[in-house]
Structures are given as C-alpha cells and as structure tokens.
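Novice: Heads up: the protein sequence lines correspond to chains A and B, in order.
In terms of UniProt numbering, the first sequence opens at residue 1 and continues consecutively.
In terms of UniProt numbering, the second sequence opens at residue 1 and continues consecutively.
Hints in this document: simulated from the structure, not taken from any laboratory.
Computed from a predicted structure; not experimentally measured.
Beta carbons are placed, not taken as given, at the ideal position from N, Cα and C, and that holds for glycine.
Hints are not guaranteed to be accurate.
Partial selection, computed: residues in chain B whose CB lies under 8 Å from chain A [stated by the list, open to error]:
| id | residue |
| --- | --- |
| 1 | ASN103 |
| 2 | ALA106 |
| 3 | PHE314 |
| 4 | ILE317 |
| 5 | SER318 |
| 6 | ARG319 |
| 7 | GLN321 |
| 8 | SER322 |
| 9 | LEU325 |
| 10 | LEU328 |
| 11 | LEU399 |
| 12 | SER425 |
Each chain, written out:
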Amino acid sequence: MSSTIATDSHGLSDSWTIGERVCAALMPLIAVVEVLILTVTGCFSYCPCISIIDQNHKCTYTAKDFAILADETRFTVEEVEALHVLFKRLSSSLIDDDSIHKEELQLALFQTPYGKNLFLDRVFDVFDQKRNGVIEFDEFVHALSVFHPYAPMDEKIDFAFKLYDLRQTGFIEPEEVKLMVVAILIEFDMNLPDDLLEAIVHKTIADADKDNDGKISREDWKAFVSRNPSLLINMTLPYLKDITSVLSSFVFKTEAKP
Amino acid sequence: MSGKQAARPRTRVGKYELGKTIGEGSFAKVKFAKNVENGNHVAIKILDRNHVLRHKMMEQLKKEISAMKMINHPNVVKIYEVMASKTKIYIVLELVNGGELFNKIAKNGKLKEDEARRYFHQLINAVDYCHSRGVYHRDLKPENLLLDSNGVLKVTDFGLSTYAQQEDELLRTACGTPNYVAPEVLNDRGYVGSTSDIWSCGVILFVLMAGYLPFDEPNHAALYKKIGRAQFTCPSWFSPEAKKLLKLILDPNPLTRIKVPELLEDEWFKKGYKQATFIMEEDINVDDVAAAFNDSKENLVTERKEKPVSMNAFELISRSQSFNLENLFEKQQGSVKRETHFTSQRPANEIMSKIEEAAKPLGFNVHKRNYKMKLQGDKSGRKGHLSVATEVFEVAPSLHMVELRKTGGDTLEFHKFYKNFSSSSGLQDVVWHSEEKQ
Numbered sequence: 001m002s003s004t005i006a007t008d009s010h011g012l013s014d015s016w017t018i019g020e021r022v023c024a025a026l027m028p029l030i031a032v033v034e035v036l037i038l039t040v041t042g043c044f045s046y047c048p049c050i051s052i053i054d055q056n057h058k059c060t061y062t063a064k065d066f067a068i069l070a071d072e073t074r075f076t077v078e079e080v081e082a083l084h085v086l087f088k089r090l091s092s093s094l095i096d097d098d099s100i101h102k103e104e105l106q107l108a109l110f111q112t113p114y115g116k117n118l119f120l121d122r123v124f125d126v127f128d129q130k131r132n133g134v135i136e137f138d139e140f141v142h143a144l145s146v147f148h149p150y151a152p153m154d155e156k157i158d159f160a161f162k163l164y165d166l167r168q169t170g171f172i173e174p175e176e177v178k179l180m181v182v183a184i185l186i187e188f189d190m191n192l193p194d195d196l197l198e199a200i201v202h203k204t205i206a207d208a209d210k211d212n213d214g215k216i217s218r219e220d221w222k223a224f225v226s227r228n229p230s231l232l233i234n235m236t237l238p239y240l241k242d243i244t245s246v247l248s249s250f251v252f253k254t255e256a257k258p
Numbered sequence: 001m002s003g004k005q006a007a008r009p010r011t012r013v014g015k016y017e018l019g020k021t022i023g024e025g026s027f028a029k030v031k032f033a034k035n036v037e038n039g040n041h042v043a044i045k046i047l048d049r050n051h052v053l054r055h056k057m058m059e060q061l062k063k064e065i066s067a068m069k070m071i072n073h074p075n076v077v078k079i080y081e082v083m084a085s086k087t088k089i090y091i092v093l094e095l096v097n098g099g100e101l102f103n104k105i106a107k108n109g110k111l112k113e114d115e116a117r118r119y120f121h122q123l124i125n126a127v128d129y130c131h132s133r134g135v136y137h138r139d140l141k142p143e144n145l146l147l148d149s150n151g152v153l154k155v156t157d158f159g160l161s162t163y164a165q166q167e168d169e170l171l172r173t174a175c176g177t178p179n180y181v182a183p184e185v186l187n188d189r190g191y192v193g194s195t196s197d198i199w200s201c202g203v204i205l206f207v208l209m210a211g212y213l214p215f216d217e218p219n220h221a222a223l224y225k226k227i228g229r230a231q232f233t234c235p236s237w238f239s240p241e242a243k244k245l246l247k248l249i250l251d252p253n254p255l256t257r258i259k260v261p262e263l264l265e266d267e268w269f270k271k272g273y274k275q276a277t278f279i280m281e282e283d284i285n286v287d288d289v290a291a292a293f294n295d296s297k298e299n300l301v302t303e304r305k306e307k308p309v310s311m312n313a314f315e316l317i318s319r320s321q322s323f324n325l326e327n328l329f330e331k332q333q334g335s336v337k338r339e340t341h342f343t344s345q346r347p348a349n350e351i352m353s354k355i356e357e358a359a360k361p362l363g364f365n366v367h368k369r370n371y372k373m374k375l376q377g378d379k380s381g382r383k384g385h386l387s388v389a390t391e392v393f394e395v396a397p398s399l400h401m402v403e404l405r406k407t408g409g410d411t412l413e414f415h416k417f418y419k420n421f422s423s424s425s426g427l428q429d430v431v432w433h434s435e436e437k438q
C-alpha cells in the first residue's frame, strides 16, 4: 500500500507544468518579500518583549511584564517601573526606539556619543545578552540586577570576569590585560613605556594565576577577587537599593497598563 | 626642587602606625601611634627584647604585664595589647594627653592643699587597686603621673617596674636621683612592694603641697643618709593634719609605716574622698602577652615602613568611567570629570610633600593619613567648601599614580583648582610629563 501511495504522489508531481513548478518554487520567496514590505510600511511592528503595541509602534510594557521581570531579578515591581522610566530616558536620547544603542550608553557614561572605548564595548556586549546590537529593557533590568547591593557576590564576580574576558574564551589572558591597561591609560590621558606596561601586566597575572598556566581562569579570578575585594567596588550601585526615590525626580508616568 | 626634606615613610607595627617619640629611656621608648583600623590614638612602649632576655626578666615581666592587662581602673593607664617582633616588645597603652602632673607644679609652683589632696586620693586609689591585684609599682615618680584631658590623674608604668629598675640602677648611681625611693629599696634590705609604693606616694604628696622635694642633697651619700633617717621638715603652710599624715607615710621603717587601710581612715585624707567608680571587665584575654614573650615565631609582628597601596592592573582598569554605572543615574550630567590622575616616578613620600606644598598656598587645609590626603578648601564656593581626596598608588616599581577626586563642592571649581594646583612649580617637579613618557 505504501508503494502505491509513493507511485501516486510521484505521478502527481510529474503531471505539473513548468509554469506550475516555477510558481511553487517562488511562492515562499514572494511571501518573505511581502512580509518585508509590510514591515517597512509599518503594517505590524516587531517588539522584542511580551508587550502591547501602541499607535507609535513602541513597546508598552504591561503590569504583567513588570511582575515577570521583578520575579526574575532582585527588584520589586515598583522598582522595575522606576527602571523603565530611566530606560526610556536613556533609550530615547539619540534614537527614540525603545532600545539602548551603544552611542546612547556612551552618551550616558561619557557625556559624548563619539569616540571608541574598549570598556564601553565590553559593558555593552555583556548587557546585550541576545547579541542583537541593542540593549532591550529586559536585558537592562537583568544586568542591573547584578549591581544590586544584595546581589550574591558570585554573580558580581562572574559579571566582572565576563567584562575582562575580551575574547570570551573562558580565560583572561595576558594580551587582554595589556589591551585593557593601554585603554585605561588612554582614558586617563597617560602614556607608559612598554617595559612598564609589561611589568604591570606580568605582576598582576603572577598574583592572580594560581594554577600557573599563564592565564586567569574563573577559579583563579574568584580567589584573586576574594584577596582584592576592591576590584568589585564598581559592581555595586547603592542607588539600586532605593531606585524609586533616586528616579522620582525624573518625569514619573508609569507605562503599565492593566 | 625645594630643599625641604621629604616626609619619611611611616612605620607600621601590626595594625598600628607609629608616630613621634613621646618618651625615651636607655632601653625603652614610648611612641605616639594610631590604630589604622579605627583611627584611635594610642601610646606604644617599645622594649628591647634582648635586654629583657639578658637580664632574665622575661618571666617576671610576662607575669606583671599579664596582671596589668587585667587592670581596668580610671586612674591607671590601660594596657590594650602586647606584641613582639624578633628584637622588640611592644606594649600598646592608653594615650594620656594632658601632660605630666608635675608640669603643673613647674608652671604654677605648689598646689593648694585641697587640690593636692584630690590628686593624692586618685593616686592612692590607683595604688590600692593595683596592690589588691598583686601588682606593685616600685618606681613611682613624677614622670609616671599623667593627667588626661579632663585633669584626671593616670598612673603609668605599673607592672613595668622589673624593666624600669634595670634602667634605674644606672640612674640611681650615675646621673639620676633616687628622691622618691623608699630607704629599704635603696639599702637593698629586701622589701615589700606595697610599703615602698606608699613611701613614694608620700614624697609625691609632699612635692605637690610644698613645690620642692623633702629629701634633696647635692651628693648621693648625704641624700641616702637623709632618706634612711627620714630627715625632712614640712613647710609652715602645711596643715597640722597633713604634717601628721606625712610623718606616718615617710616612716623609714617599712614595718611600722602606715598601710593603705589605715591611710583611708586618716582625718586629713578622708576630707572630700570619693572611691573610684568603674566597670569591671570580664574575660580579658592575655594570650597576646604569652605569645609576645614566648619563643614561637608565628606570633611575631614585623616593623615595616609604610608604603602606598600597590595597584594591580585590574584595580587600574576598574577605574574606567565606563565601569562607573552611577553616571546612568545622574540627573544632570555635566561634561566635566570629577576626578583626575597623574603619574610620577618620584618616591611616594616626596609626592605627598609636594602635594601639600602646592595645596596650602591655594587656601587648602591638608589632612594626611598614610598615603591618602584630604584637601579642604577654607573658602566656601558655589556649592560649599571644595574638598578633594588624593591618594598615591604604586602602579609598578618606581612608578606611582596619583588620583585626585572631588568629594565636595563644585565640579567646575575643582577643575579650576586642579589647573592652578598642577601648574605650581613644586608639583611640576614630581609630575611625569608626556614628553618624558614617550
């Protein structure tokens, strides 16, 4: 019986004309083009979050969205709402599209959207978990949760490790440390000869590399940070403990819809 | 560069940063010190460990210091802890900063009888309390009577007499005077610590009220003779009751000399007498004393010159503005930085001196602590007084980084300050300029 079916289907396709075959092949392609045209003309919007789409084609978060983010992080629903106000301010500073572009983050941190900065790139990349070139609100909240004063130390240690593991190999290598030292000296408008640079890098790697493999593993890093807790000083933002009052001076209109 | 000598690196012993010497003997010195963990000031008596060993005083000293550590009395200088290095023993003491009691006499002459009695009450309270704990002074003299900032008498060097006497053998025979020492001690007849301490208290009382010593002769032989016979005359202004008490205290026979319980019942003494009130401390640990005096290496502290904090690559990197996410929360973001840095290849203490030299003419008060400095503007600006925190870090051998951070006041004023500050000739000497860096 199965052979009959096979023969039938084969016979059916044989009876198609060349025109029908071309049409069948192009049909999916036409559909894709149509979707693209509709998207460009704004017939429907892409929004990366669970949200309602308003008339301005922007993501409007619901109370449910805020509650989900609050569950997933160290923030209360009110604090997530407050962070949304901050997020909107940052994400509309250059391009008003409900996501933070690298230039917008640079503007917030350096008061200028111009210039290249290795550390800014790293912060941006670690925040941008979906790797789509922008920081969306859920990514923003998840990343800031690590900076909460009550966040576990392990999360902070891990986040810092990701920042410094430039090539994302799971190790911080001497070349990466050197690149970062050069970058910070440029930021400080300082310039050191190569031998001094090497001395700084060598001493740090020697101090941190417990298993003597010439690079810093996650375990090495954890032990190193426990001996040098000041390394994590920027990994805690006291503001986040009282975010609602810190941000109360911004225009405070909640976007939550029932 | 100015010819002014650069500040010396500070010395650290354990958690204490040693300061200037405030007292010195042949084998011991006392230094002002600061507990870097809590900022409290203390005095540290530094004994020569080899001297203690040579004179076989280890056990006796250990016993007495342990006993003294247990003593917590308002009129006795407190021993906080004891440490030892390979060559020294460090006794951390309560810092008493009102000077010696006898400075009052040097300045004002004799004291009124009531005032002298008040100090004598405190002295006897201290002596009696220590005696009841089995600790004798055996070397009470003016240098050991201090006043705190409220004018309360504090007796120091209780329990250190074993050590002090070794030192004073020299003094009594050569350059010093045994004016306060009981006759039985001078004659080496064997003595009881409690009665010899009472004698010394009597001499001290006499000096407080008279303004001069009861026994004073230019040569030692005559002096010993006078002390041995208790030949002294009270001045006319002493009250009869005071004269009577002094006769009982300065009795050359230790067996018939007045004892503390009888003294407490004396009519002159009882006037205005208040017993000391204080809280007994439970569970005082004396393990540190034992550790300081035993031969084990594991508890030894090292005396080291204070160095700037060494900054590793990650500490440097973490100072990037990109990692300071606080900027996300700033309502008004100015285009000016609130901190700045420069590098220098000069020694850290020289950098500190130059910063101080450059800041003072600009109207800044300077508060130093280790290799940190707080510069406080004396004029109020747009947002109050400008204050700047500075710290010197060691980034690599012979390379220092100096961080200046605005901690108060207006940011634009900070920039104006830094412009003037960094262009001062003194600072130009230590800043490592770009052309040198290439």
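Novice: The structure should be examined with respect to each hint, and the outcome stated for every one.
Specialist: Do the hints match the structure? See the list:
1. ASN103: With a closest approach of 46 Å, the ASN103 (chain B) hint is violated.
2. ALA106: 51 Å, violated
3. PHE314: This interface hint holds because 5 Å falls under the 8 Å limit.
4. ILE317: 5 Å, holds
5. SER318: 6 Å, holds
6. ARG319: Holds, about 7 Å.
7. GLN321: 6 Å, holds
8. SER322: Hint holds; SER322 (chain B) Cβ to chain A Cβ min 4 Å, cut 8 Å.
9. LEU325: Since the shortest Cβ distance to chain A is 6 Å, the answer is holds.
10. LEU328: Holds - the Cβ of LEU328 (chain B) comes within 8 Å of chain A, reaching about 5 Å at its closest.
11. LEU399: This hint holds: LEU399 (chain B) lies near chain A, its Cβ roughly 6 Å from the closest one there, short of 8 Å.
12. SER425: With a closest approach of 22 Å, the SER425 (chain B) hint is violated.
When each numbered hint is compared with the structure, violations occur for hints 1, 2, 12.
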